[in-house]
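A.B. asks: For the protein sequence lines, the chains are A and B, in the order given. Position 174, counted from 1, in the first sequence is what our numbering calls 203; the numbers after and before it change by one each time, with no gaps. Position 134, counted from 1, in the second sequence is what our numbering calls 163; the numbers after and before it change by one each time, with no gaps.
Check before you lean on any hint, since a few could be wrong.
Pairs involving identical chains hold if they fit within one copy or between any two copies, as the list cannot separate such chains.
[What the hints assert, rightly or not] Result set (DMTMM-like, lysine to aspartate or glutamate): computed pairs, CA atoms no more than 25 angstroms apart in a straight line:
no.	residue 1	residue 2
1	LYS289	GLU32
2	LYS289	GLU279
3	LYS289	ASP251
4	LYS289	GLU166
5	LYS289	ASP84
Bear in mind the hints are in silico, worked out from the structure with no lab data behind them.
Take a look at the letters that make up each chain.
There are 2 protein chains.
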Amino acid sequence: MIERLCIIGVGLIGGSLARALRAAGAVGEIVGSSRRAEHLQQALELGVIDRYDTDPAAAVTGADLVFVSVPLGVMRTVFERIRDALSEGAVLTDGGSAKASVVADAVAAFGHVPPFFVPGHPIAGTECSGVEASFAELYRGRRVILTPLPDTDRVAVQRVRAMWQAAGAQVDEMEVHHHDEVLAATSHLPHILAFTLVESLARFSEREQREIFDYAAGGFRDFTRIASSDPVMWRDICLANHDALLAMVEHFGRDLEALKTAIREQDGDRILQIFQDAKTARDRFAG
Amino acid sequence: MIERLCIIGVGLIGGSLARALRAAGAVGEIVGSSRRAEHLQQALELGVIDRYDTDPAAAVTGADLVFVSVPLGVMRTVFERIRDALSEGAVLTDGGSAKASVVADAVAAFGHVPPFFVPGHPIAGTECSGVEASFAELYRGRRVILTPLPDTDRVAVQRVRAMWQAAGAQVDEMEVHHHDEVLAATSHLPHILAFTLVESLARFSEREQREIFDYAAGGFRDFTRIASSDPVMWRDICLANHDALLAMVEHFGRDLEALKTAIREQDGDRILQIFQDAKTARDRFAG
């Protein structure tokens with residue numbers, strides 16, 4: 030049971046966590062914080078939070094659990110602002126999509142990684158953003174990865190784990206850099222490709238664009254759905270996880286080059302092999 | 030009203046057309062043909078066709094409308110086999126995803142593009158294939174592009190148009206090469222990217238793969254859905270539409286390279302611009 034949960038950044042991720050914990054009866058009071066008062070007012074009116082303060086230091090006061098769910102680019106600033114206001118015994122966790130950068134931000138803000146900080150990442154989301162898109166079932170049956178460090182307090186890890194389990198998620202632990210590599214492959218690279226494809230098509234003339242999008246079938250819509258994701262959040266992910274992401278883009282680029290060569294050389298056997306291997310893998314894991 | 034429709038290749042596309050026309054009361058008898066008798070037997074048992082013949086020449090005899098829905102790589106062979114068996118006044122159309130290659134196949138088989146041949150392409154489908162995946166509503170509200178040539182009989186065009194409208198589709202006309210360019214952008218390139226991404230990830234070790242696919246969220250599933258499409262059909266599309274497709278892959282490759290450079294140089298403004306443009310375009314057309 031969480032007595033007072035403070036959520037900094039009450040959007041899709043933070044808002045859905047609040048709704049899920051409240052639905053599960055796993056939380057007493059929920060205090061929200063964000064740079065923009067109108068977002069907090071909306072969250073209050075939706076019943077997602079009980080009260081708010083635009084000053085994160087004031088918002089975390091007296092909270093036994095603090096969840097920071099802001100774009101990676103402002104993580105460090107938030108840590109700096111709450112550093113001296115956290116209550117004795119409070120547990121701090123986050124929802125950032127890359128973990129090495131958040132750990133570096135914690136070191137920059139606290140001088141070291143505090144034992145009460147449990148880096149985390151819920152593998153959930155939709156292409157929508159904002160508290161109005163939040164819903165209590167977002168984490169049900171989804172995975173949450175925690176990346177504790179050797180010095181992280183195991184009791185803190187246990188409390189964050191219990192929070193996510195109360196929200197319906199399955200919680201795993203992973204090493205920080207390994208997390209960043211896995212996510213570069215499964216999430217960051219696909220987003221890069223979808224954003225690039227849509228932007229690439231959007232630079233055709235208005236008439237051509239209209240035609241392209243008119244004749245796009247369901248597959249295109251599904252394929253490009255993630256290109257409707259929050260641009261700021263994804264810019265920050267690209268900047269924060271650039272090493273792992275660039276390695277994955279290189280890896281993909283080589284494979285695309287190989288397929289291009291096969292198409293140019295009209296090498297049907299090679300093309301078929303690539304497509305069959307892809308279909309087999311896709312059907313196996315998502316079947 | 031079609032008296033006798035012959036469908037060569039009774040899979041998702043051909044089977045769904047048969048179901049839709051029957052549901053609309055727009056067809057008398059439906060005769061199926063395919064290389065594999067067991068597929069035809071299944072289509073018969075599902076009530077999709079009324080009878081079948083594995084010999085396409087026998088199947089088209091007496092049909093007033095013939096729809097060829099086979100992978101692009103066997104289109105020419107089918108045309109050659111039915112050439113001398115088509116009834117006087119019969120209209121021939123197809124469902125191939127690239128049109129210049131089908132027109133070339135018609136020239137190869139008939140010596141010219143016959144006026145009764147109306148090249149066509151229903152912009153519909155799912156990642157599933159086979160007659161068991163077919164359903165009467167597949168074409169409802171979807172687009173069908175016809176690419177008649179200057180010599181194509183307008184009465185033949187009108188009959189094919191009426192057929193697709195009876196199946197619930199909206200029918201447009203487009204020039205052959207323009208069709209191939211538009212489809213390279215909206216369909217062929219996205220499939221190439223999805224197949225390449227999944228195959229790229231599938232070459233990691235078994236343990237890494239398991240992890241990658243375990244932690245893949247909904248966005249990844251949507252993004253890679255089209256990588257479950259039929260490999261033979263897509264190999265043939267790559268071979269048939271290789272000029273337009275390679276041009277699109279080059280176009281995309283330059284944009285991916287530009288984004289890579291922005292990430293490497295930590296150019297947040299440039300990255301944000303690309304993502305914002307993509308989101309704006311995506312939200313505008315698919316919103």
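A.B. asks: Next, verify each hint and record whether it holds.
C.D. replies: Structure-based check of each hint:
Taking the shortest alpha-carbon separations for LYS289 and GLU32, neither the intra-copy value of 57 angstroms nor the inter-copy value of 45 angstroms comes in at or below 25 angstroms. Taking the closest pair of Cα atoms, LYS289 and GLU279 come within 25 angstroms of each other both inside a single copy (15 angstroms) and across two copies (9 angstroms). Proximity of LYS289 and ASP251 under a CA criterion of 25 angstroms is satisfied in both settings, with 24 angstroms inside one chain copy and 24 angstroms between copies. For a Cα distance limit of 25 angstroms, the shortest separation of LYS289 from GLU166 qualifies neither inside one copy, at 42 angstroms, nor across copies, at 35 angstroms.
In the homo-oligomer, the alpha carbons of LYS289 and ASP84 never lie at most 25 angstroms apart, since the shortest distance is 53 angstroms inside one protomer and 37 angstroms across protomers.
In this structure, the hints that do not hold are numbers 1, 4, 5, in rising order.
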